[in-house]
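Student: Based on the provided sequences and hints, a complete structural model is requested.
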Amino acid sequence: MQAPVQVFVARRVITMNPAQPFATHVAVRDGRILAIGGLDEIGDLGPVELDTRFADSVVLPGFVEGHSHLFEGAVWRDPYVGFFDRRAPDGRVVPGLKSIDAVVARLREVAAETASSDAPITAWGFDPIYFGGRRMNLADLDAVSRERPVVITHASIHIMNVNSKAMALAGLDASTDLDGLVRGLQGEPTGELLGPEAMGHIRRRVVADAFGRKLDADAMARFGDLARQAGVTTATDLVSDMSDEIVETYRTVSADPAFPLRLAPALAARFFGVPEGVARWQQLQALGSDTLHFGLVKLVVDGSIQGFTARVRWPGYHNGAPNGLWYVAPSELGGIIEAYHRAGALLHIHTNGDEATELAVDMLERTLIAQPRPDHRHTLQHCQMPDPALFRRIKSLGLCCNLFANHLYYWGEEHIAQTMGLARAMRMDACGTALRMGIPLAIHSDAPVTPLAPLFTAWCAVMRLTSAGRVLGEGERISVADALRAITLGAAYTLKLDHLVGSLEVGKFADFAVLAEDPLDVEPMRLKDIAVLATVRGGDVFPAA
Amino acid sequence: MSIPVTILGGFLGAGKTTALNHLLRRGRERIGVLVNDFGAINIDAHLIEAAEADLVALSNGCVCCALGPDLGASLDRVAARQPDRIVIEASGVADPWRIAQLVRLEPGMTLDAVLVLADATSFAAQSRDRYVADTVARQVARADLVLLSKTDIATTAELHASRAALLQLRPDVPVAEIHGGTLPDLVLGNPAPAGSRFVADAPEHGFRTWLYRNDDAFDEDRLRQMLASLPSSVLRAKGFCRLGDIAQLHLLQLVGRRFTLAPWPHPAEPGLVLIGTDRMPADADLAAMFERAKRPESPRP
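Residue numbers (the numbering used here), protein chains in the order written: chain A, 1 to 545; chain U, 1001 to 1301.
Just so you know, the hints here were simulated from the structure itself, not pulled from any lab data.
Idealized CB from N, CA, C, for every residue including glycine.
Don't take each hint at face value.
As the list claims (entries may be wrong) - These stretches of chain A come out as covered by chain U in the derived footprint (C-beta under 8 angstroms, 3 or more residues):
id: 1; stretch: 101-113
id: 2; stretch: 173-185
id: 3; stretch: 267-278
id: 4; stretch: 321-333
Tutor: Here's what the structure looks like:
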């Protein structure tokens, strides 16, 4: 006895299959697409159940977030104090806080809600770059509490602000020699702490902030709630220590029929010696499923541009900051790449600055010459700064790029003023160049660094508007159709899951994003505002609200 | 009692793992080692008393543990075994001083020294390499001591070039040469400050020690100025001295360009030992420098 056939009817189905770009009907059996097209294509399937709930809606392949962290689901246990409005897992839109005073007022509310407690107060998402140069200081957060430690993590995740109580608990004062301790004109600490060392000290001695805690099933469920509202049906967890505990959690959560996502976690090489990491990756290959895919390995070559820790080429940082940091020794990178490549892993390599990208390309080239592997799909993640010559090498080696389009909006003005200057900022996240060269392209949010919202990410790649409303690099804008491909089939390709998800074709999983409006019809400026009504994973419908 | 912590830094290939292997095997102290690349540590099977996934306990009392992403947690793990000393291997691209800063914030631990190994056969090339020049420069900038390794296989030209490159990066950098990939005891420091036996063994090859025994009180400012102006051939100094008009006993600890002078509330016999390279000033010159740092008319206790 065959399973019943369910046919979804839509105003329009955008398939991402150029041979059949549009449809109105999608037939689903056993979670997979049995037929797609119109009445003719479903006419020969025998009895079907017609599902018309999307008859006035537009159906796309479920969005694929090729660079996210499931931590986005964990951070919401703490109050969000960012500048921009942001959607919480429960669907509320938390309003952005437009001044330091507003942040302090919000934190005072939080403190009052738990007035009897002496527990630390933690919050996340703070971003002072929009406050006209004014930085948060100890007095600001002392106004929240003098008795309880207050620890605020910035949106970039590379900076914290703390109050005097937290400083005291951490044993930090004006006499402390600590590189990440920001000081005022008299050498007094301001309560701002930069970088993983100083922040790690606070996490250890005062309180674990949202990013210092463990990822658990509850956090993954909250991530699923966010994904559902954003139209995402496949998401990466791009840094994983792949401990037995976390692997078991991935397996349990992804097997739950109520979980709306397929997961693609990446083994982060830095948690292992090379042979141990390769062995762990090989073990994992037997543990996957239709909803859990373990093919990826993540390498991190440098830091971040806005944190001045990315490795950049001549002429260096616009404001004269010294060059950034290698997170792996240049002389070791080649050996690490080769070991995982030979094992058959799909490498996702974080390179923010162009010097890091060039080194990664050099090492990939060496490996690919020594050990050719057709269809490797190795992907450069972020890859924010290559010039066209470097993109030509990326193309020649058959590499993919997943570019950080959201950076243009959130940090574009900062890149112009501080990190790159206008001329180089214009070529950042060069989606136009990548597509002109035929490089397989995805774009991403890096959630929780920026919100999980592929339509917004697509909008960033199309419009290239900074938060101040300026177009940053007209020549790198891409079409709406190309941007939609980058958040579906393009991202699926970089995960080597394009045979399963990313487009709507017979045999692939019935994973959809259901939208209220047709993204190919609306003004491109409105792309980010299109409502997501539901997602579908393997034929199961998950309403967004 | 506070556990002294030594940070061992230096770029890849400088010999950190070799030095650590040797240190563990020899077991002269009960050392707890935190290693960056656990797989590279090669301990003789007969020495292994107990082994876990990322920790090995040796029959000589040493313990070797993988340095995880959380430095503090790794330190706690090793400190729980109450070693005489902890040695932390910094990654080849890390600035070891940043680890030292965190160690200084740990209760129950004292930073002893930041030692940076530099491969005498390749340091000059590294200091010009487009990818790593600034990384090795940062490692040297705040090292207490730079130890030139592989001096036994480096050519004279390579050795000169490495020294020149180091001096160009930092003219006052204290540099010592080591042989056979071993960290000399004198460089590792911590000769027992109590009693009269400052240095048990004959000085190791390429090093000199100098003992200063004197009960007179120093002028604190003069002594500090003198210590700050010691030539970079003086690698370490340790011992007790009297300071100021009440001749208060102080513990002096100097490594490279960095020293501390702290009041010492317990009985101890005054006396200092200096450890240097064979380029350290002659004994008579050193004695003259210390004499000049004394109070004009030294009070006796």
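Student: Give a verdict on every hint.
Tutor: Okay, the hints, checked on the actual structure:
| no. | hint | verdict |
| --- | --- | --- |
| 1 | 101-113 | violated (count 0) |
| 2 | 173-185 | holds (count 4) |
| 3 | 267-278 | holds (count 6) |
| 4 | 321-333 | holds (count 10) |
Of the hints listed earlier, the one the structure fails to meet is number 1.
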